[in-house]
Amino acid sequence: MAKKHKKYFNKSLKNYFPVFLLPTLIAFVIAFIAPFIMGLGLSFTKFNAVTNAQFVGFDNYVKIFTDPNHDFLNALIFTVLFTVVSIVTVNIISFAFAMLLTRGIKGTNFFRSVFFLPNLIGGIVLGYIWQLLINGVLDIIVNSDITKSSAYGFWGLVILNNWQLIGYMMVIYIAGIQNIPGDLTEASAIDGASPAKSLFKITIPMVMPSITICMFLTLTNSFKMFDQNLALTGGAPGKSTQMLALDIYKTFYGRIGWAGVGQAKAVIFFIIVAIIAFIQLRATRSKEVEQ
Amino acid sequence: MASITLKNIVKTYDGGHTVIPNLNLEIKDKEFIILVGPSGCGKSTTLRMIAGLEEITDGEMYIGDRLVNKVAPKDRDIAMVFQSYALYPHMTVYKNMAFALELRKVDKKEIDRKVREVAKILEIEEYLNRKPKALSGGQRQRVALGRAMVRDPAVFLLDEPLSNLDAKLRTEMRSQITRLHNNLQTTFVYVTHDQTEAMTMADRIVVMKDGYIQQVDTPANLYDHPCNMFVAGFIGTPRMNTIDVKIAEKGGRLFAEFDNYSVLLPERMQKNDYLKSYIGKTVVFGIRPENLHANDKYSDSENTNKIDVHIEIAEMMGSEIYLYSDIGGVNIIANVPSNKKVQSNSDVSLYMDTDTIHLFDKETEKLICD
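Residue numbers (the numbering used here), protein chains in the order written: chain H, 1 to 291; chain D, 292 to 661.
No wet-lab data here; the hints were simulated from the structure.
In this text, a Cβ means the ideal position worked out from N, Cα and C, and glycines have one as well.
It is possible that part of the hints are untrue.
What the hints assert, rightly or not - As a list, the in silico DSBU-like pairs of lysine-lysine whose alpha-carbon atoms are at most 35 Å apart:
id	chain 1	residue 1	chain 2	residue 2
1	H	LYS197	D	LYS631
2	H	LYS197	D	LYS422
3	D	LYS361	H	LYS106
Unchecked claim - Okay, the calculated beta carbon distance ranges per label pair:
id	chain 1	residue 1	chain 2	residue 2	range
4	D	LYS399	H	LYS224	45 to 53 Å
5	H	ILE93	D	GLY428	48 to 56 Å
6	H	GLY122	D	ASP398	45 to 53 Å
7	H	LEU199	D	LYS653	54 to 62 Å
8	D	ASP485	H	ILE204	46 to 54 Å
9	H	LEU199	D	GLY306	26 to 34 Å
10	H	ILE279	D	GLN476	36 to 44 Å
11	D	GLY428	H	PHE278	37 to 45 Å
12	H	LEU199	D	LYS411	29 to 37 Å
13	H	LEU133	D	ASN299	57 to 65 Å
Next comes chain H alone, as it looks inside the complex (with noise of 0.2 Å):
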């Protein structure tokens, strides 16, 4: 009897199936698929308002790569390369820290939550701290600050970024190697594996999704960084250390007559992300059927 009603109720539930999704497909389509959409269309028009554009073809696009300067070229290049090393640097400190924390060292807990602390600041936040802080240091030690050289700026993005991330990968990394069974660990240490074999031979592969993960978080979170990039550098010198974001950001608001080809870099930007995430999305699927 209870089952029939179940079944009852199952069926009848599922001919309410769209009524359910309606709200929330009316917002997406009004706050994401509409806007996308006619994002796509501006790209090929030239505007300043929305409701003044004027159809140009691909002549947006043209110009992102024929224009003199390579802002948008030379971004591209800024942001890969900054995330390369973000994605080297964040995703070893962290898996370090996450070493240390779970060997049962005394405080801990204390030392996870100030480690994931930074993640819970704003970028802006951030970005002006990090400021007074590297400015501070370089006027000590070379008197000069961090808009003097796209180098100091290089790297002073990167120390916030890593100050930023490091704590949310290291709980990632935390979970996966506590999910490793003690017995493992002893059983390689019978075996006859040191330390670093066992790290290598058994910690590093025992932990690959967790590594899969951080690698993309870290990815797509340097490569779509955009307000600690505003508040630190601002793309200074000159235009050295604009990322993509900032210099889509830029191109948008700061150029008159440009807002169209800003928005053409923001269909690239969307494409090139909507990749990684694609390739994301395959890897971490594959190593799920792995474990």
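Got chain H; can you put chain D on it based on the hints?
Then chain D, alone, in the frame of chain H:
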């Protein structure tokens, strides 16, 4: 091949909790020794100390003639099989077995030869390219054994290796491990909480409780001559019946009195002077279920060993029947051949085989005589 000597071994955890207060044990070369006891008795801790996975707080441990207190696990020439098998999930069966040899930089051809040889013995050749998750419990168990075997260690340590298997497979693996020990001629130290495993496989059994060794002996001796009530109760299923009795002397002969019964003690106990000091005192009378017979041919000359009981439950086990009854509030189990047709809720007479009884001190729980 090696003997193992544990001298005054103490294990205290950080925070001052002592699990092993003082342990002395000699394990002979090529011996199959089983540590058995209830959970928390310190048997696994002892094994882990032999493995080097647990630091020794005090005392001396020798493998062969070598003091190993400060020797790392990998340098002790031991191999261990874990309860969870602890197979490396990201490696194939082949890699799992080859791992230890690779770390020792053994020649690739030699590794291949060893792995295949062991795989053949354990009948896991066809799984060599599989990962552990694609194997059944029994196959994983064999891989875990194989991983230990390829190394030709001086000592095999096995920590409840059969606990995760179903009953049928456990019985099969039991004989396989015994055979393995016979073929390898290596020292085996095996931990289990299952007394059946201990009884069937061991050369000698170490019965432990609360960190203390209760008795070390061969399975037969442990069964026939338990040194205290704990060992008597722990070894053997169903467990030994224990009844509080009073030792009485009548006409120069000793009797065990309980309820309305007065059982004449056997000849060897009559001569025991130590037992005489218990006259008038309460002691614990122990008799194993299979020594309670439902057949009157076991009646003694004066019929003092007969007890009349009401069988509450008769459990048919196939070749035998377990009879559950109650004497003066004490549960009594008898194990009789199943050709005796005894039903639940029936009255029967049981005859105690007094030649097999044990008497224990009620206070110290130690054996008085058997």
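Hint by hint, here is what the structure shows:
Restraint check for H:LYS197 and D:LYS631: not satisfied, since their Cα atoms lie roughly 64 Å apart, outside the 35 Å limit. Distance restraint check for H:LYS197 and D:LYS422: the Cα-Cα separation of roughly 21 Å lies within the 35 Å cut-off, and the hinted pair is therefore satisfied. For a cut-off of 35 Å, the pair hint linking D:LYS361 to H:LYS106 stands: about 25 Å separates their Cα positions. For the pair D:LYS399 and H:LYS224, the beta carbons lie near 47 Å from each other, so the given range of 45 to 53 Å is met.
As the Cβ distance of H:ILE93 to D:GLY428 is approximately 41 Å, the hint placing it in 48 to 56 Å is violated. Between H:GLY122 and D:ASP398 the beta carbons are some 60 Å apart, a value that contradicts the proposed interval 45 to 53 Å. The hint said 54 to 62 Å for the Cβ distance between H:LEU199 and D:LYS653, and at roughly 57 Å that hint holds. For D:ASP485 paired with H:ILE204, a C-beta distance near 37 Å fails the hint of 46 to 54 Å.
Remark: the range hint 26 to 34 Å for H:LEU199 to D:GLY306 is upheld by a beta-carbon distance near 29 Å. Separation of H:ILE279 from D:GLN476 is about 56 Å and departs from the stated range, judged on CB atoms against 36 to 44 Å. At roughly 39 Å, the beta-carbon separation of D:GLY428 and H:PHE278 lies within the given 37 to 45 Å, and the hint holds. As the Cβ distance of H:LEU199 to D:LYS411 is approximately 33 Å, the hint placing it in 29 to 37 Å holds.
One distance hint, 57 to 65 Å for the beta-carbon pair H:LEU133 and D:ASN299, holds here, with the actual separation near 59 Å.
Checked against the numbered hints above, the structure breaks hints 1, 5, 6, 8, 10 and satisfies the rest.
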